[in-house]
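Chains as they are written, first to last, in the numbering used here: chain R, 1 to 241; chain C, 1 to 241; chain H, 1 to 241; chain P, 1 to 241.
Read the hints as simulated data drawn from the structure, not as lab findings.
In this text the structure is predicted, and so the values were computed from the model without any measurement.
Be aware that one or more of the hints could be misleading.
[Stated by the list, open to error] Facing chain H, according to a computed beta carbon distance under 7 Å, are these residues of chain P, among others:
#: 1; residue: N73
#: 2; residue: H119
#: 3; residue: R212
All C-beta atoms, glycine included, are put in the ideal place defined by N, C-alpha and C.
Protein chains: 4
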Amino acid sequence: MTLTLTELPADVQDEVAATRRIVADLHAELPRWQLVVWTAGNVSQRIRCADQIGEDLFVIKPSGVSYDDLGPNQMVVCTLDGAKIDDGTPERLQPSSDTAAHAYVYSHLDWVGGVVHTHSTYATAWAARGEEIPCVLTMMGDEFGGSIPVGPFALIGDDSIGRGIVETLENSRSRAVLMQNHGPFTIGRDGRDAVKAAVMCEEVARTVHIARQLGEPIPIAQELVDSLFDRYQNVYGQPKK
Amino acid sequence: MTLTLTELPADVQDEVAATRRIVADLHAELPRWQLVVWTAGNVSQRIRCADQIGEDLFVIKPSGVSYDDLGPNQMVVCTLDGAKIDDGTPERLQPSSDTAAHAYVYSHLDWVGGVVHTHSTYATAWAARGEEIPCVLTMMGDEFGGSIPVGPFALIGDDSIGRGIVETLENSRSRAVLMQNHGPFTIGRDGRDAVKAAVMCEEVARTVHIARQLGEPIPIAQELVDSLFDRYQNVYGQPKK
Amino acid sequence: MTLTLTELPADVQDEVAATRRIVADLHAELPRWQLVVWTAGNVSQRIRCADQIGEDLFVIKPSGVSYDDLGPNQMVVCTLDGAKIDDGTPERLQPSSDTAAHAYVYSHLDWVGGVVHTHSTYATAWAARGEEIPCVLTMMGDEFGGSIPVGPFALIGDDSIGRGIVETLENSRSRAVLMQNHGPFTIGRDGRDAVKAAVMCEEVARTVHIARQLGEPIPIAQELVDSLFDRYQNVYGQPKK
Amino acid sequence: MTLTLTELPADVQDEVAATRRIVADLHAELPRWQLVVWTAGNVSQRIRCADQIGEDLFVIKPSGVSYDDLGPNQMVVCTLDGAKIDDGTPERLQPSSDTAAHAYVYSHLDWVGGVVHTHSTYATAWAARGEEIPCVLTMMGDEFGGSIPVGPFALIGDDSIGRGIVETLENSRSRAVLMQNHGPFTIGRDGRDAVKAAVMCEEVARTVHIARQLGEPIPIAQELVDSLFDRYQNVYGQPKK
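With these hints in hand, go ahead and build the complete structure from the sequences.
In C-alpha cells, the structure reads:
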C-alpha cells in the first residue's frame with residue numbers, strides 16, 4: 001500500500017516539509033565544496049516518525065535534475081524500502097538512482113540520520129585503486145578515528161551497494177566508505193553531519209594523495225589516533241544543547 | 001547561393017532565435033565547469049529544418065570573442081557546409097575557427113544534435129600523450145560505455161578534424177573523443193547533452209589521471225561495463241516525455 | 001579571577017570592538033584563498049592593553065562555527081593564558097580548540113600580533129611527510145627568507161603545540177611552521193600579516209610541490225636569498241606611515 | 001626633470017586617463033584566472049606619446065596594494081626609465097617593485113605595448129626547474145609558435161630582469177618567458193594581449209605538466225607548429241578593423 005503525504009498526521013507533514021528544506025539546502029553544499037559535477041551526487045535525511053506512522057521516512061534528491069533547479073519542492077519523500085510516497089505534487093519526480101542504497105543504510109543502521117553519496121575526485125581516485133586512505137593527518141584522527149576503508153565493487157539495481165556500505169562501516173569508526181571503482185558514501189547523525197563527512201573525506205583524500213606523491217607520509221601511532229578521535233568527538237565545537 | 005535569415009519561413013526563424021538563446025546559455029556552462037580559459041572552446045546545436053528549407057542549420061559561437069560578451073545576438077547561424085548565413089545583423093561576426101569540424105559531424109552523423117569542443121586540461125593532457133582513458137569508474141561505464149578513445153592528429157583548415165572525430169566515434173559507444181595533441185570533442189542528442197559529455201569527459205579524465213598517479217586502477221570487466229551503460233541510458237533521470 | 005568586558009577601560013573596550021571586526025573580516029580571507037574547508041582554520045589578533053589592564057588580550061574564532069555565521073559578535077576575547085573573558089553576550093561561544101596554541105605564541109613571542117592556523121592542503125601534505133619546504137623560489141626568499149621549517153608532532157590539549165611552534169620559529173626567519181602530520185601555523189605583526197603568511201605558505205608549498213613532481217628545482221644560493229629577503233622587508237610596498 | 005601630469009597636452013592627459021581605466025580593469029583578470037595570490041602580479045600598458053612629449057609613458061600597478069583596492073586612481077604613471085611622474089594626487093603611490101623590468105622591456109622592444117608579470121603556479125614550477133615548456137599542444141603552436149623559453153636567474157634592483165626578458169624573447173616567437181626560480185613575464189601588442197599571453201602560458205604550463213606526469217607527450221613536428229602559428233596569427237578571431 002502506498003503512503004499518501006496528505007493523509008499523514010499533521011506533525012509528520014510538518015516534519016516532512018522542514019526536512020525537504022534542510023535537504024534542499026544541503027545539496028547546495030555539494031557544488032560549493034566541489035564534490036560534484038553536473039547532476040551527480042545526492043544527500044538524504046531520515047524522518048524519525050516510526051512512533052507515529054509505524055515506519056521512518058527519508059527525503060532525497062530527484063534523479064538527474066540540475067543543482068540549479070533543486071528546491072524543497074523537488075525533493076522526494078521515500079519509505080525505508082526505497083519507494084517514493086504519493087506526495088500530491090502534479091509532476092512527481094523519480095528519486096535518485098541511489099535511493100535503494102540510502103534506504104538500505106537507514107534500515108540497517110538505526111543511529112544514522114543522514115547519508116551522502118558523491119563521486120568527489122580524490123576519494124574516487126582512491127576507490128578506483130581499491131585502496132584505503134591511511135590515517136596520517138591529525139584531522140583524519142579527529143574526524144574518522146583511523147583510515148577510511150574500501151567497500152566492495154557492487155552494481156546498482158539491487159541491495160548490493162547498500163549491503164557493501166553497511167558491512168564495511170559496521171567494522172570501522174569511519175563515517176566514510178570508498179565503494180570500489182565507484183566513489184564515497186558517508187553517513188552521519190543527520191544530513192548535515194553526513195555532508196560534513198563527505199567534505200572532510202574528500203579533503204583528506206586529496207591531502208594524503210598529494211603527500212604521497214613525493215614520498216611516504218609519517219604514520220600516526222594508534223594510541224595517538226585514539227586520543228585525537230576521543231577528544232574531537234567529545235570536546236570540539238560548542239556544547240550540545 | 002547564400003541563405004538569408006529574414007527570408008526563411010517564420011517557424012524556422014523562431015527556431016533559430018530559440019536555438020541562439022540555448023547555445024548562448026550553454027556557453028556559460030564551459031567556464032562554470034572550468035573547461036575553458038579566455039575565448040577557447042565552443043558549443044553548437046543543430047536546427048532540424050531540412051523538411052522546411054531543404055537543409056539543416058546549426059548555431060555556433062563567434063571566433064575569438066570573450067565569454068563575457070556572448071549573448072544570443074552574437075551567435076552565428078551556419079549551413080552544414082560550415083558557411084554562415086546572412087542574418088541581417090549590422091556587425092556580422094565570423095563563426096568559430098572550429099566551425100568546419102562541427103559542420104562535418106552534423107553532415108555525417110545524423111543523430112547528432114549538439115557538438116562541443118574544449119581544451120579542458122586533463123582531457124587535453126591524455127590527448128597530448130595520445131592515450132585513451134581506460135574505463136575504471138562506474139560513472140565512465142554509465143556515461144561513455146567504455147574507454148574514451150583518441151582521434152588522429154589533424155590540422156585545422158580542411159575536413160581532417162571532422163573526419164577524425166567521426167571515424168573515431170563511429171566505432172565507439174563514447175560521445176567523447178580526444179583529438180591527439182589538441183583536445184576533446186563531444187557529441188550529443190542536443191547541445192546540452194554534448195555539454196554534459198564535455199563536463200563528464202573532463203571529470204573522468206581528471207579522476208583516472210589522479211588514480212593512476214599512485215598505482216594502477218582496478219579494471220571493470222566488460223560485462224559489468226555493459227550492464228552499467230545499459231541501465232544508465234534507460235533508467236537514470238526522469239521519464240522522457 | 002575572570003575579567004569582565006564591560007568593566008574594562010573604555011578605550012580597551014573600543015579596541016576590543018575594533019579587533020573583533022578585523023578578526024571577523026580576516027576569517028573571510030581563509031575560504032577566499034581556499035585555505036580551509038568546513039569550519040577548520042582560525043585567525044587571532046593581539047590587543048596590546050598590558051599598560052592599561054596589566055595584561056594583553058586576543059580575539060579568536062569560536063570553535064566549530066561555520067564561516068557563513070562568523071561576524072564580529074561571534075568572535076571570542078581571551079586572556080594570554082587562553083581563558084575567554086566574560087563578554088556579557090547572552091550566548092557566549094567557546095573559543096577555537098586551538099586557542100591554547102595561539103595563547104602560548106602571544107605569551108612567548110612579544111613581537112607577534114597575529115596568529116593563523118589552517119590545514120591548507122599542500123602545506124599539510126609537506127607536514128604529513130615531516131619535510132621542510134626548500135627555498136627555490138624568489139618569492140620564498142622575499143617572504144620567508146629561506147625554507148619553511150617543520151615543527152614536532154604534538155597533541156592538542158596542553159601547551160605542546162604552542163611550544164613546538166615557538167621553538168621552531170625562534171630559530172628561523174620564517175613566519176610559517178609546518179606542524180608534523182597536522183598543518184601550518186603562521187605568525188605576523190598583526191592578524192593581516194599572519195593571514196598573508198598563511199596564503200603565501202600554501203602558495204609556495206603548492207608551487208614547490210609541483211616543481212618537484214617532474215624533477216629537482218634549482219637551489220638559490222644563500223647570499224641571494226639574504227639579498228631578496230632584506231630588500232623585500234625594507235623596500236616592497238608603500239612607505240610605512 | 002620630473003614630468004607633471006597636469007602640464008602635459010590635453011590629449012595625452014586623456015590617453016593617460018583612458019589607459020589607467022584599462023590597466024585597472026586588466027588587473028581584475030589576474031585573480032579571475034587564478035594567476036595571482038594576495039598582492040602579487042602586475043600589468044602595465046604603454047602610452048605612445050613620444051610624438052607629443054618626446055617620450056612614451058606607461059601605466060602600472062602600485063606596489064603591495066590589494067586587488068580589492070585597485071581602481072584607475074591607484075594606477076601609477078611612469079616614464080620609460082621607470083620613474084613615476086608627478087600626477088598631482090594627494091597620496092601618490094609607489095609603482096610596483098617590478099617597474100624597472102617593465103620599463104626596460106618598453107625601452108628595448110618598440111612593438112611591445114603591454115607587459116604582465118605573475119607567479120602563476122605551474123609556469124613558476126617550470127621556472128623553478130629552469131626547464132622550458134615543450135610545444136606538444138596545438139594551442140601552444142597557435143599562441144606561442146613553439147616552446148616557452150627560460151630566462152636567466154636575475155635579482156631585482158637593477159636592469160638584470162629586464163635584460164633577461166628582452167634577450168630571451170628576441171630569439172623566440174613566444175610572448176612568454178619563464179624567469180628562472182622566479183616566474184613568467186609576458187608581452188603583447190597592448191596590455192590585454194599580454195594578459196592573454198599570461199593566461200595561456202599558465203594553461204599550457206599546467207596541461208603539459210599534467211600530460212608529463214604519466215608519460216611522454218607526443219612532439220609536434222616543427223613544420224606543423226609553423227603552420228598552426230601562421231594560421232592563428234592571421235585567421236583566428238574577428239577581422240581587424
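For each hint, the structure was consulted:
1. The closest approach between the C-beta of P/N73 and any C-beta of chain H is roughly 14 Å, which is over the 7 Å cut-off, so the hint fails.
2. Proximity of P/H119 to chain H holds as hinted, the smallest CB-CB distance being about 6 Å (cut-off 7 Å).
3. Annotation: P/R212 was flagged as interfacial toward chain H, and the flag holds, the nearest CB pair being 6 Å apart, inside 7 Å.
In summary, the structure is inconsistent with hint 1 from the numbered list given earlier, while agreeing with all the others.
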